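Number of protein chains: 2
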Amino acid sequence: MKLSISKHELNEAIQQVAKAASSRPTIPILGGIKIEVTHQGVTLTASDTDISIQSFIPVERDNLVIAHVDKPGNVVLPAKFFVEIVKKLPSDNVEIEVGAHFQTLIRSGSTDIQMVGLDPEEFPVLPSIEQNELFQMPGDLLKAMIRQTVLAASVNEQTPILTGVLWSLQDKQLKFVATDRHRLASRVAQAETAMEYRFNNVVIAAKTLVELSKLVPDQHGLVDIVVADNQVLFKIGNVLFYTRILDGTYPDTSKIIPSMFKTELVLDTKNLTDAIDRAYLMSREEKTNIVRLTTLDNGVIEISSSSTEVGRVTEQLDAKQFDGEPLRIAFNSKYMLDVLKVIDSEQIFIGFTGAMSPIVIRPTDHSYNTYVILPYRTTN
Amino acid sequence: MKLSISKHELNEAIQQVAKAASSRPTIPILGGIKIEVTHQGVTLTASDTDISIQSFIPVERDNLVIAHVDKPGNVVLPAKFFVEIVKKLPSDNVEIEVGAHFQTLIRSGSTDIQMVGLDPEEFPVLPSIEQNELFQMPGDLLKAMIRQTVLAASVNEQTPILTGVLWSLQDKQLKFVATDRHRLASRVAQAETAMEYRFNNVVIAAKTLVELSKLVPDQHGLVDIVVADNQVLFKIGNVLFYTRILDGTYPDTSKIIPSMFKTELVLDTKNLTDAIDRAYLMSREEKTNIVRLTTLDNGVIEISSSSTEVGRVTEQLDAKQFDGEPLRIAFNSKYMLDVLKVIDSEQIFIGFTGAMSPIVIRPTDHSYNTYVILPYRTTN
Numbered sequence: 021m022k023l024s025i026s027k028h029e030l031n032e033a034i035q036q037v038a039k040a041a042s043s044r045p046t047i048p049i050l051g052g053i054k055i056e057v058t059h060q061g062v063t064l065t066a067s068d069t070d071i072s073i074q075s076f077i078p079v080e081r082d083n084l085v086i087a088h089v090d091k092p093g094n095v096v097l098p099a100k101f102f103v104e105i106v107k108k109l110p111s112d113n114v115e116i117e118v119g120a121h122f123q124t125l126i127r128s129g130s131t132d133i134q135m136v137g138l139d140p141e142e143f144p145v146l147p148s149i150e151q152n153e154l155f156q157m158p159g160d161l162l163k164a165m166i167r168q169t170v171l172a173a174s175v176n177e178q179t180p181i182l183t184g185v186l187w188s189l190q191d192k193q194l195k196f197v198a199t200d201r202h203r204l205a206s207r208v209a210q211a212e213t214a215m216e217y218r219f220n221n222v223v224i225a226a227k228t229l230v231e232l233s234k235l236v237p238d239q240h241g242l243v244d245i246v247v248a249d250n251q252v253l254f255k256i257g258n259v260l261f262y263t264r265i266l267d268g269t270y271p272d273t274s275k276i277i278p279s280m281f282k283t284e285l286v287l288d289t290k291n292l293t294d295a296i297d298r299a300y301l302m303s304r305e306e307k308t309n310i311v312r313l314t315t316l317d318n319g320v321i322e323i324s325s326s327s328t329e330v331g332r333v334t335e336q337l338d339a340k341q342f343d344g345e346p347l348r349i350a351f352n353s354k355y356m357l358d359v360l361k362v363i364d365s366e367q368i369f370i371g372f373t374g375a376m377s378p379i380v381i382r383p384t385d386h387s388y389n390t391y392v393i394l395p396y397r398t399t400n
Numbered sequence: 021m022k023l024s025i026s027k028h029e030l031n032e033a034i035q036q037v038a039k040a041a042s043s044r045p046t047i048p049i050l051g052g053i054k055i056e057v058t059h060q061g062v063t064l065t066a067s068d069t070d071i072s073i074q075s076f077i078p079v080e081r082d083n084l085v086i087a088h089v090d091k092p093g094n095v096v097l098p099a100k101f102f103v104e105i106v107k108k109l110p111s112d113n114v115e116i117e118v119g120a121h122f123q124t125l126i127r128s129g130s131t132d133i134q135m136v137g138l139d140p141e142e143f144p145v146l147p148s149i150e151q152n153e154l155f156q157m158p159g160d161l162l163k164a165m166i167r168q169t170v171l172a173a174s175v176n177e178q179t180p181i182l183t184g185v186l187w188s189l190q191d192k193q194l195k196f197v198a199t200d201r202h203r204l205a206s207r208v209a210q211a212e213t214a215m216e217y218r219f220n221n222v223v224i225a226a227k228t229l230v231e232l233s234k235l236v237p238d239q240h241g242l243v244d245i246v247v248a249d250n251q252v253l254f255k256i257g258n259v260l261f262y263t264r265i266l267d268g269t270y271p272d273t274s275k276i277i278p279s280m281f282k283t284e285l286v287l288d289t290k291n292l293t294d295a296i297d298r299a300y301l302m303s304r305e306e307k308t309n310i311v312r313l314t315t316l317d318n319g320v321i322e323i324s325s326s327s328t329e330v331g332r333v334t335e336q337l338d339a340k341q342f343d344g345e346p347l348r349i350a351f352n353s354k355y356m357l358d359v360l361k362v363i364d365s366e367q368i369f370i371g372f373t374g375a376m377s378p379i380v381i382r383p384t385d386h387s388y389n390t391y392v393i394l395p396y397r398t399t400n
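Taken in order, these protein sequences are the chains called A and B. Under our numbering, residues 21 to 400 are what the first sequence spells out, in order. Under our numbering, residues 21 to 400 are what the second sequence spells out, in order.
Bound conformation, chain A alone:
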């Protein structure tokens, strides 16, 4: 293998795939980036057991030469050093040449680097996915759906299925649900696909979705998504992102969301966020994060929290709307803040069915998001 390539383009592709290289590989090859060079271009691949990312650099783009290939070939280079050094090479042109035993020479300006390469035959083979059926989502919408649901996924590895986000597709409607048994987040959106295409119980690790999100540009361009037996493939421009589907059956959450309420509030999102943020600071001192919401007269809402050692915070807010019974309820302020930070609506609806029943939070502008928080049982 022998080629010269633009440092900028090589670096960009390395940054895209590097996240999938294992930082503590069980065998050295899993801590590597595979480089495949053909006369069409350069393909970089990294893969740990959970995700694989591949990025393709064409030899030419918009009539600009990006890479000049003298001799096709393959090699695997240790990711950690390779990722760091390419960023810092002195010239915009990088020459890479692979010799006997995958010994690799990298030249740029007056810098000469010899790297111990590994045999590409030992590199994991990417899952082969039949691409008959797929659906498409605008990149910015997919990112919003991820951001608005991952917060409720469990971080406890003891119930692995709850560390994921449940995806389902029916009647062109894509739905994400996440829950850690204390709270739930769900989001629906229209997908671009055939009416009859549907799936269920596709669960993808929340942390994988966060990584995926970073690779998706903040634009309206479409991302292709292919769901296979135990893998999902995302195509984002020249980048392919593979993730495995989590094993197990996701619990049925459809019955825990109340639809009738005894108390209904509409509040200004920013005012509520600021008030709970201040109450959170006090609740944090007690390490419980407990904040109380109490309805007062004349549509006034009181938010309060206290700590024996530090003191007490009391906030008053005017409700935009207040229907139903008076209420006094306690909940985890951190959970409420997580929801308020990702809701994209100037006002929010909160529905209660009693001090011991799930609290439902929704934007008032649209009905794509639903959040549920279980209240705390407290003695006073």
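Calculated directly from the structure, the hints in this document are not laboratory data. There's no promise every hint is true.
For chains that are exact copies, the list does not tell them apart, and a pair is met inside one copy or across any two.
What the hints assert, rightly or not - List time: in silico DSSO-like cross-link candidates among lysine-lysine, alpha-carbon distance up to 30 Å: (1) 361 to 192; (2) 275 to 107; (3) 307 to 100; (4) 163 to 39; (5) 354 to 39; (6) 27 to 361; (7) 108 to 340; (8) 275 to 361; (9) 107 to 290; (10) 195 to 91.
As the structure is a computational prediction, the values presented were derived from the model and not from experiment.
Let chain A serve as the given structure and place chain B on it in line with the hints.
Chain B only, in chain A's frame:
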């Protein structure tokens, strides 16, 4: 005590003093901020065993009312919560009122906070320092002196005196020296003071100087410095910063800096920094950080490092000047990078007296800085 005060001014003063409040106080009072209110203004003080910081907010500045004092008085409030909450108060006006048992009420907009206050009589008394003799340094110069020396202070608490920077003043010349026995940094500058004012063996903890540095504006305005028996006081505008002087005698370092060299190099600072930075990436793989410098023919310098598992980096640089004997020497690349990052000169001088002798690094533009790095003894 009862007053109303601008949130912005209160917050700024809190941020200045908060660093001195102990984050893990042995007794609660040391984790507090003392607030003293008189008809002249509000004084905030925080103090752990090493440093004390005091900031004064006048009731009026430039004919603008900052605080309105109804009733003078003192209280100590727990720093951690107080620091966070003031930032987040809803209105620019904050009312503070202290009642029985130091119970403190803070009001801003529709937010009410009750805080458990502590008895100000229990708060540590600041050292009383006679201010007969002092010297002055421009703020930006003081910051530069700190930045250019703290890097060589020891981080090993087993030899406490070496975790400090040695200050001495003689003939209006202020000198800073730091060393961890593997490297040394020194910096001199002119101080504004009486010719006969002098001191020696004043050692201040490097981490304290870094904190001080953050409080000094990046401007030419003068900082007053008073050296007392076991304390140093810095006056930066309305802020007073007290630090204790480290106990013990600083080792004599005057004899370890060679003044005659067998090999002398002048190199471009940026080119050398970049080359060593790349070699450092490889040396880091071996956890030794060893980099070699070898003189080649025609004034060319080779920088190289290697790792059995990853490979080898070789860099070539043209020396701007090269006098004396050929040389092959190994040193800690991290130490060299620390020096190169703070040297403010386009070209640098490096002097060698042999492969086992201290390496001396100096800017070429001026002679205020001297750096010394001990080489590694290596077998090949």
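Now for the hints, and whether the structure bears them out:
no.: 1; hint: 361 to 192; result: within (28 Å within a copy, 57 Å between copies)
no.: 2; hint: 275 to 107; result: neither (52 Å within a copy, 42 Å between copies)
no.: 3; hint: 307 to 100; result: between (38 Å within a copy, 14 Å between copies)
no.: 4; hint: 163 to 39; result: within (18 Å within a copy, 39 Å between copies)
no.: 5; hint: 354 to 39; result: both (29 Å within a copy, 26 Å between copies)
no.: 6; hint: 27 to 361; result: between (38 Å within a copy, 25 Å between copies)
no.: 7; hint: 108 to 340; result: between (55 Å within a copy, 23 Å between copies)
no.: 8; hint: 275 to 361; result: within (26 Å within a copy, 61 Å between copies)
no.: 9; hint: 107 to 290; result: between (41 Å within a copy, 16 Å between copies)
no.: 10; hint: 195 to 91; result: neither (47 Å within a copy, 60 Å between copies)
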